[in-house]
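Asker: What follows is each chain in one-letter form.
Protein chains: 2
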Amino acid sequence: MKGLVLDAVWDPKPDYEVSEWERETGKAITGNSIWRHPKLEVRDWPDPKPGPKEVVLEIQACGVCGSDMHFYETDEDDYILYPGLTRFPTILGHEFSGKVVELGPEVETLKVGDMVTVEEMIWCGRCIPCRNGYPNHCTNLEEIGFTIPGAFANYIAVDEKFCWKIDGIAERFGDEEKAYEVGALSEPTSVAYNAMFERGGGFRPGHYVSVFGTGPIGLAAIGLAKAAGAGIIAAFEISPQRRELAKAVGADYVYDPREVNPGEVLMELSKGEGFNFHVEAAGAPHLTVPEMEKALAINGKIVQIGRAAKRVPMYLEALQVRRSQVFGAQGHSGHETFPNVIRMVAAGRLDLSPIITARYKLDEAVDAIARSTSRTDGKILVKPNW
Amino acid sequence: MKGLVLDAVWDPKPDYEVSEWERETGKAITGNSIWRHPKLEVRDWPDPKPGPKEVVLEIQACGVCGSDMHFYETDEDDYILYPGLTRFPTILGHEFSGKVVELGPEVETLKVGDMVTVEEMIWCGRCIPCRNGYPNHCTNLEEIGFTIPGAFANYIAVDEKFCWKIDGIAERFGDEEKAYEVGALSEPTSVAYNAMFERGGGFRPGHYVSVFGTGPIGLAAIGLAKAAGAGIIAAFEISPQRRELAKAVGADYVYDPREVNPGEVLMELSKGEGFNFHVEAAGAPHLTVPEMEKALAINGKIVQIGRAAKRVPMYLEALQVRRSQVFGAQGHSGHETFPNVIRMVAAGRLDLSPIITARYKLDEAVDAIARSTSRTDGKILVKPNW
Chain A
1333 MKGLVLDAVW DPKPDYEVSE WERETGKAIT GNSIWRHPKL EVRDWPDPKP GPKEVVLEIQ
1393 ACGVCGSDMH FYETDEDDYI LYPGLTRFPT ILGHEFSGKV VELGPEVETL KVGDMVTVEE
1453 MIWCGRCIPC RNGYPNHCTN LEEIGFTIPG AFANYIAVDE KFCWKIDGIA ERFGDEEKAY
1513 EVGALSEPTS VAYNAMFERG GGFRPGHYVS VFGTGPIGLA AIGLAKAAGA GIIAAFEISP
1573 QRRELAKAVG ADYVYDPREV NPGEVLMELS KGEGFNFHVE AAGAPHLTVP EMEKALAING
1633 KIVQIGRAAK RVPMYLEALQ VRRSQVFGAQ GHSGHETFPN VIRMVAAGRL DLSPIITARY
1693 KLDEAVDAIA RSTSRTDGKI LVKPNW
Chain B
1333 MKGLVLDAVW DPKPDYEVSE WERETGKAIT GNSIWRHPKL EVRDWPDPKP GPKEVVLEIQ
1393 ACGVCGSDMH FYETDEDDYI LYPGLTRFPT ILGHEFSGKV VELGPEVETL KVGDMVTVEE
1453 MIWCGRCIPC RNGYPNHCTN LEEIGFTIPG AFANYIAVDE KFCWKIDGIA ERFGDEEKAY
1513 EVGALSEPTS VAYNAMFERG GGFRPGHYVS VFGTGPIGLA AIGLAKAAGA GIIAAFEISP
1573 QRRELAKAVG ADYVYDPREV NPGEVLMELS KGEGFNFHVE AAGAPHLTVP EMEKALAING
1633 KIVQIGRAAK RVPMYLEALQ VRRSQVFGAQ GHSGHETFPN VIRMVAAGRL DLSPIITARY
1693 KLDEAVDAIA RSTSRTDGKI LVKPNW
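Protein sequence lines correspond, in order, to chains A and B. Each residue of the first sequence is one higher than the last, beginning at 1333 in the working numbering. Each residue of the second sequence is one higher than the last, beginning at 1333 in the working numbering.
Hints were generated in silico from the structure; no laboratory data involved. Heads up, some of the hints might be wrong.
A pair counts as met if it fits within one copy or between any two copies, since identical chains are not told apart.
[Unchecked claim] No farther apart than 25 Å at their CA atoms in a straight line, the calculated lysine-lysine pairs in the BS3-like style are these:
| id | residue 1 | residue 2 |
| --- | --- | --- |
| 1 | Lys1626 | Lys1642 |
| 2 | Lys1345 | Lys1626 |
| 3 | Lys1371 | Lys1493 |
| 4 | Lys1493 | Lys1510 |
| 5 | Lys1359 | Lys1626 |
| 6 | Lys1493 | Lys1558 |
| 7 | Lys1715 | Lys1497 |
| 8 | Lys1558 | Lys1626 |
| 9 | Lys1558 | Lys1603 |
| 10 | Lys1603 | Lys1345 |
Computed from a predicted model, the values in this text were never measured in an experiment.
Looking at chain A on its own, in the form it has when it is part of the complex (with noise of 0.2 Å):
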């Protein structure tokens, strides 16, 4: 089969201390320290084979995500971007659904033909966090398409426990390939939903709701917040085409950060109140919390999904005299999270198909990650099987 496959050199920056587990596992814990001269190609690949209790699934969507684009995207010394957990070369590509065509002879729960939707995190079910019920803390953790052999391909194989069926989808849409497409984007809104309503306890109907940056997770926290009965849903964005997908999945203001101050924009939206649950999407809480802050309402929370290794100049005090909170989130799997948001989808409650912007077969793979590089689409997709 065919895969896009990232190739870079193990060559530990300077003043970076490789550690033993590093060493002995071939996995960079802090990609960006190891990895160097990434190479981007779509090339031949060994077919999957299923073990035991895993399924094949021929892909029909992969989104491409902004750690996809942060492989693409280097350092003045050549070093990727993407700061996570790494092992090249494999295969890219981690938000997809795809079609079972071949089952492992342990396989319960899944048949041929199936259409299903697989979590990213290849999380142990043993380690101390995973029997605490914390799979998104997993400390033996592999990840698809960062570590092993993900979803811009023909195939892959996958443990039958992390495959989500979406035939609801396809009955909802009455249309198999918009069920994949849309099926493809579980991934990223169950990070958003994780993050909501798993880690910041969610909000009450008719509650306030910021979303700052929408990227393909703050687009769909904002589709998430619009079905779970926000009132006011306020968005700050940068890119113009961006606001407007904002608006086409439910956010009512839609501001560019730069040309408002956005802590008195939501304080006028509330007519002081202030809004009570604010989303950090953009990666840059050091510009937008500090916002936030501003617009707290009383038991106000601020909930952290983008990443970013940078200090942020809190005042405690305003989560003090507003009864407010802030929850740091990662990860989307557990908890109910993606059969959630299948049932949403399936249901009619959550649409995001309006922020699918752009459709690339898998030779065109690399175009579609250089095109992400721009920051204004909703969600790219490549369509292997196309």
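Based on these hints, arrange chain B on the given structure of chain A.
Answerer: For chain B alone, kept in the frame of chain A given last:
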């Protein structure tokens, strides 16, 4: 009667914009920006008369709070250090207990002779936060000993709804005088309880708890953590006297934070798992919270009680990777807090009497406050009937 009266000159700092509300009410929102040349003395003050729903209490014990200390201490321009809501002249003192000696005509729940302790926050019960159940965020707040006459005095008149009976404490100790002393600790203990159990949502039995700063609030937090079944309790405190008190009320380990790296110590004590619940009671979050961030258990909580007008350089990634959260807390009213604190003492689950380190007569109240500036005591009491 006599009372410890603070008077000061209304002399707004040049860069402070006095609001219309401040001018109308005579209340400074930011006391440190307005009140200059404070003068503190025990002097005559009119006897209080009860309003229709008020009782008059003969005050038995009143604790010295850090805020009282910040009325005594001044900045280089002789402004009070206390940064909060204030109107002078008034009698100081707000952590107290007393005996009911007179009833207004509409009082229904108390009788002459009842032993009570009292909330400090005179919440209106009518504003939006009060209507929503958030009395600690009342927008029409009066504060005993800050904006209205306090309890470093012989008598005080107060609405019965702010009084909580402590007869159960007297029964436990078989000693009314001790019950009044311990009853006067209810207010600061309720500040810690509100932060830990109402705002922070508590911790599970067995969880590891850290307390940064062991003044009276931090000492109360330690006692509460012990009573609620914490696993290890570790505290950090500069004063050696206060470190001893921390041990006396339940800390398993106590350190001088200048002599160790607190984050590393907590990681060692927890064998690398981190602490589950961190209490900031030092009022120095710019120093303490970064240490807490280094030692977050998965699902860890940081609760900010101490007040400081400083920005904290927070690393929100730590909250994300550790599935963690930060809560801001203020106040002690509502949410069953006072009655639960009193129950714990009456049931013998919480005994903070060891933290009472000095007792003064009312005539010596200025000395009591002067002594508190050494920041080495537990709780200093003024006993007007002594």
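Asker: 25 Å Cα cut-off: does Lys1359 pair with Lys1626 within a copy, between copies, both or neither?
Answerer: between (41 Å within a copy, 23 Å between copies)
Asker: Taking 25 Å as the upper bound on the Cα-Cα distance, should Lys1371 and Lys1493 be classified as within, between, both, or neither?
Answerer: neither (32 Å within a copy, 72 Å between copies)
Asker: I want to check one pair: Lys1715 and Lys1497. Are their C-alpha atoms no more than 25 Å apart within a copy, between two copies, both, or neither?
Answerer: within (19 Å within a copy, 71 Å between copies)
Asker: Please work out whether the CA atoms of Lys1493 and Lys1510 approach to 25 Å or closer within one copy, between two copies, in both situations, or in neither?
Answerer: within (24 Å within a copy, 62 Å between copies)
Asker: Quick one: Lys1558 to Lys1626, C-alpha cut-off 25 Å, is that within a copy, between copies, both, or neither?
Answerer: Intra 23 Å, inter 36 Å, cutoff 25 Å: intra-copy only.
Asker: Under a CA distance limit of 25 Å, which applies to Lys1558 and Lys1603: within one copy, between copies, both, or neither?
Answerer: within (21 Å within a copy, 44 Å between copies)
Asker: Taking 25 Å as the upper bound on the Cα-Cα distance, should Lys1493 and Lys1558 be classified as within, between, both, or neither?
Answerer: neither (30 Å within a copy, 41 Å between copies)
Asker: Are the CA atoms of Lys1345 and Lys1626 at most 25 Å apart within a copy, between copies, both, or neither?
Answerer: Between copies only: 24 Å across chains, 39 Å inside a chain, cut-off 25 Å.
Asker: Pop the pair Lys1626 and Lys1642 into one bin, within, between, both or neither, using alpha-carbon distances up to 25 Å.
Answerer: Both ways: Lys1626 and Lys1642 sit 20 Å apart in one copy and 15 Å across, limit 25 Å.
Asker: Could you place Lys1603 and Lys1345 in one of the four classes (within, between, both, neither) given a Cα distance threshold of 25 Å?
Answerer: neither (51 Å within a copy, 30 Å between copies)
Violated hints, listed in ascending order, are 3, 6, 10; each of the other numbered hints is respected by the structure.
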